[in-house]
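Colleague: With these hints in hand, go ahead and build the complete structure from the sequences.
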Amino acid sequence: MRVMIAEDSVLLREGIARLLIETGWDVAATCESADELLALVPRQEPDVVILDIRLPPSYTDEGMRAALTLRQQRPELGVLVLSQYVEVQLAMRLLAGAAGGVGYLLKDRIRNVRDFLESVRRVALGGSAIDPQIVSELITKRRHGDRLSRLTTREREVLALMAEGRSNQGIADECHINLRSVEKNVSSVFAKLDLPTDATDSKRVLAVLLYLRG
Amino acid sequence: MRRRDASGHRRADGTGLVALSRRQTVATAAAGSAVGISLFVLALGADDLSRPGYRAALACWVTLPYIFTGMVAWRRRPESRLGRLMVAAGFGTVPNFLVWSDNDFLFTVGVATQFLPPALYLHLFLAFPSGRLSHALDRVIVATAYGAAALAVPALMLGLEAPRSTLTVIELPEAAERLLQIQLAVLSSCLLAGVVLLVFRRLRSGSVRPAIAWLVDSFSLALLATAVLLMAGLFGWSIDEPVRVVTFIAMGLAPIVFLAGLLQARLDQTSVTEFLNRVGANPGPYELQRAVASALRDPTAEVVYWLPEFACYGDADGSRVELPQEPARGMTPILRELEPVAMLLHDPALADEREPLSSVAIATGLVIENARLQVQLTARLEELKGSRARLVDAEQRGRQALERDLHDGAQQRLVGLSLKLGQLGDDLRNDPDLRSRLEEAINDVAASLSELRDLAHGIYPAAVRDHGLSVAIESLTTRASVPVRLSVSDRRWPEKIELTACCIVAESLTNITKHAQASAVVVELAPDDVGLVVEISDDGVGGATTEGGTGLRGLADRVEAIGGRLQVDSPPGNGTRVRAELPCAS
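Those protein sequences? They're chains A and B, same order as listed. Note that my numbering has the first sequence beginning at 1, numbered continuously upward. Note that my numbering has the second sequence beginning at 1, numbered continuously upward.
Since the hints were derived computationally from the structure, they do not count as laboratory data. Treat the hints with care, since some could be wrong.
Straight-line Cα separation of at most 20 Å, SDA-like style, residue types lysine to any residue; simulated pairs [as the list claims (entries may be wrong)]:
#1 K420(B) <-> R18(A)
#2 K496(B) <-> E155(A)
#3 K420(B) <-> L438(B)
#4 K420(B) <-> V10(A)
#5 K420(B) <-> L20(A)
#6 K192(A) <-> R156(A)
#7 K203(A) <-> A160(A)
#8 K420(B) <-> R156(A)
#9 K420(B) <-> A17(A)
#10 K420(B) <-> T30(A)
#11 K420(B) <-> N112(A)
#12 K496(B) <-> A389(B)
#13 K420(B) <-> A160(A)
#14 K420(B) <-> L11(A)
#15 K420(B) <-> L117(A)
#16 K420(B) <-> D115(A)
#17 K514(B) <-> T140(A)
Modeller: Below you can see the structure in the form of structure tokens.
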């Protein structure tokens, strides 16, 4: 699969590129700014782009705006945003709209190479990857006197992984339980929280986050 | 007529001009009356003068008002030379009536001076109200007019009015006629130039002066009429008697209007006394301002104060003022105990009336101290506010730079390092011991990164600048330990306001977590007329205060530094409400 990287720090840009090449990715192009990225995407036709939320020239929200533009113009393209800080509202903005893959992770997550590669792959295939910190903040906030307190520990664990964008198989692998058991927990969570049960993998992330955000 | 005798007072304004004494006044009045009688005697005694009484009356009408009003002006307003000039013009007009005389010598004197009156009138009009010709152009025009009037003498020598003329040297009637025409042309041109000058000056000054000044100007029409009469003589136009009469009437009224103009300034002088009564002993800068403007009848008049510590002038608000360029504005220094302490800025046209201006300046100097101290204090406060705002700005910029350095430097490097370490781990699959030590190192780096992230955020909440208040504050309220109902729009504000608002919400939520024992919090950020209003209310124990070394005091300082206001309403047992108004303009 083809990937593009937009990151102004050479160190990180080259580091991520090497990591992806070594694990069999086709790194179509790397660049330093959002403008370059937007110009290169139509030519390179990548499956996923990884971009820093802070990019030149003003180093404020150029990356964010480029991500939203790509989401709108190329719904089939996976967009993974890396950031020094994560904000609930930005996650919601990224998730809204297009059905295609989207990710929003702290830069630190790169250190866990296996998880990071898994996230890139998931986003490339149209899934989601939401930073665990956002999910845990939302769950913590929601715990006070809420339906959430009716969930079992396992159900809460499953809820968090769902919110991060994991598939049922991904949850099964993470929790070391079988797929059927995951499905049982998932439908129990949906019932207890009164969420629509027909949600597909990508839609349920948004549904769960919206619920948690309140 | 000497200007000084035992009773004449030397004026204090340094011009050295002296009022007409009583004795001189009586002498002048007697001379004036003698002139009037002589004119009648002259006219009635003439052999071939038609309607002599009417002629004599007209002659009196254009001479006596100048002499008598000039006398009054000289007595009342000695600092203006206009009075003396009027008296001189009155007497100067008399000799030309000697043409009525049967005596050849007197007749010749009359012809020689026949064009002196228009030159005198021109001089007078251009010299109002100071009595001086203050511009070089005026002096040139007036001198030319006198020169043209004097051409009558050579014309007489060339045989004008021969054989009666006693000055005839050679009879060249054509040359004499040509000289007469030149005389008329030059004189009427001078009069027209004078009218143009007067009109142009009035229009250009655009000043807001008493109506009397307009009346005076309107009498410059008399000059125009005289010019027309002269040109009629030149081109042989037939002019109806009524035009002549109207011109004469206007000429006789002019000195009365001049006197009124001068006495108006006299009224201004009494308004100085009123001014002192009105402002009282210690007027503030605004009262002083109003009183000065009203005493000078110049709504644009302004007092600006010298601020020695800032080495500049400041207005009543304490704001820095650059002195305007003369002659666009008039400037008169205000002295206090001989030291210049302020400057009076006014309509430049006021400089024509030196007396009321200097009286107001002197009177202002007497009562200015309180206003001056107030303005200095205000200026100092403004400076203090400004320096506090600059300090806050500088601190903000410093923090921003530090955050940027952390982000671009240490944080990026650590992320890169953890990436390299992670890849290394894959190569160490066969050495579990080394691998677990490596994972420990990776976790240490992760912990450092996390701490560094918190530190960077504490130093400068970059998310606010990058994505706005709504994004940053949602995270703050999400992380709060108490449920928060949040109301905020996506609207962006100036960076200073967004950072301060974010800081207020963060600090308030921290306080609520630590002290309030609240179960619900409402955070509201809403625009109002002047800027952004931030309000955080909880249902906790209350009793919070901005006194003492609390975080709330620091918040209040930050809010005040950007020109805003922080209110804390926290009755014990009844919750706390923190409300900050952050003005957008600052």
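Colleague: Does each hint fit the structure? Answer for all of them.
Modeller: Structure-based check of each hint:
At roughly 10 Å between alpha-carbon atoms, K420(B) and R18(A) fall within 20 Å of each other, so this suggested pair holds. Taking the CA atoms of K496(B) and E155(A), the gap is near 44 Å; set against the 20 Å cutoff, the hint is violated. With a CA separation close to 11 Å, the supplied pair K420(B) and L438(B) stays within the 20 Å bound. Restraint check: the Cα-Cα separation between K420(B) and V10(A) comes to about 14 Å, which is no more than 20 Å; the hinted pair holds.
About 13 Å separates the Cα atoms of K420(B) and L20(A), which keeps this hinted pair within 20 Å; it holds. Proposed proximity of K192(A) and R156(A) is supported: the alpha carbons are some 11 Å apart, at most 20 Å. At roughly 15 Å between alpha-carbon atoms, K203(A) and A160(A) fall within 20 Å of each other, so this suggested pair holds. Among the hinted pairs, K420(B) with R156(A) is inconsistent with the structure: their alpha-carbon atoms are about 33 Å apart, more than 20 Å.
Annotation: proposed proximity of K420(B) to A17(A) holds, straight-line Cα distance about 12 Å (limit 20 Å). Between K420(B) and T30(A) the alpha-carbon distance is near 19 Å, which keeps this suggested pair within the 20 Å criterion. A distance of roughly 11 Å separates the Cα atoms of K420(B) and N112(A); the hinted pair therefore holds under the 20 Å criterion. Restraint check: the Cα-Cα separation between K496(B) and A389(B) comes to about 10 Å, which is no more than 20 Å; the hinted pair holds.
At most 20 Å may separate the alpha-carbon atoms for a hinted pair to count; K420(B) and A160(A) exceed this at roughly 29 Å. Between K420(B) and L11(A) the alpha-carbon distance is near 10 Å, which keeps this suggested pair within the 20 Å criterion. Annotation: proposed proximity of K420(B) to L117(A) holds, straight-line Cα distance about 14 Å (limit 20 Å). Distance check on the hinted pair: K420(B) and D115(A) sit about 15 Å apart at the alpha-carbon level, within 20 Å; holds.
The suggested pairing of K514(B) with T140(A) holds, with an alpha-carbon distance near 18 Å, which does not exceed 20 Å.
Figure legend: structure checked against the earlier numbered hints; hints not met, in rising order: 2, 8 and 13.
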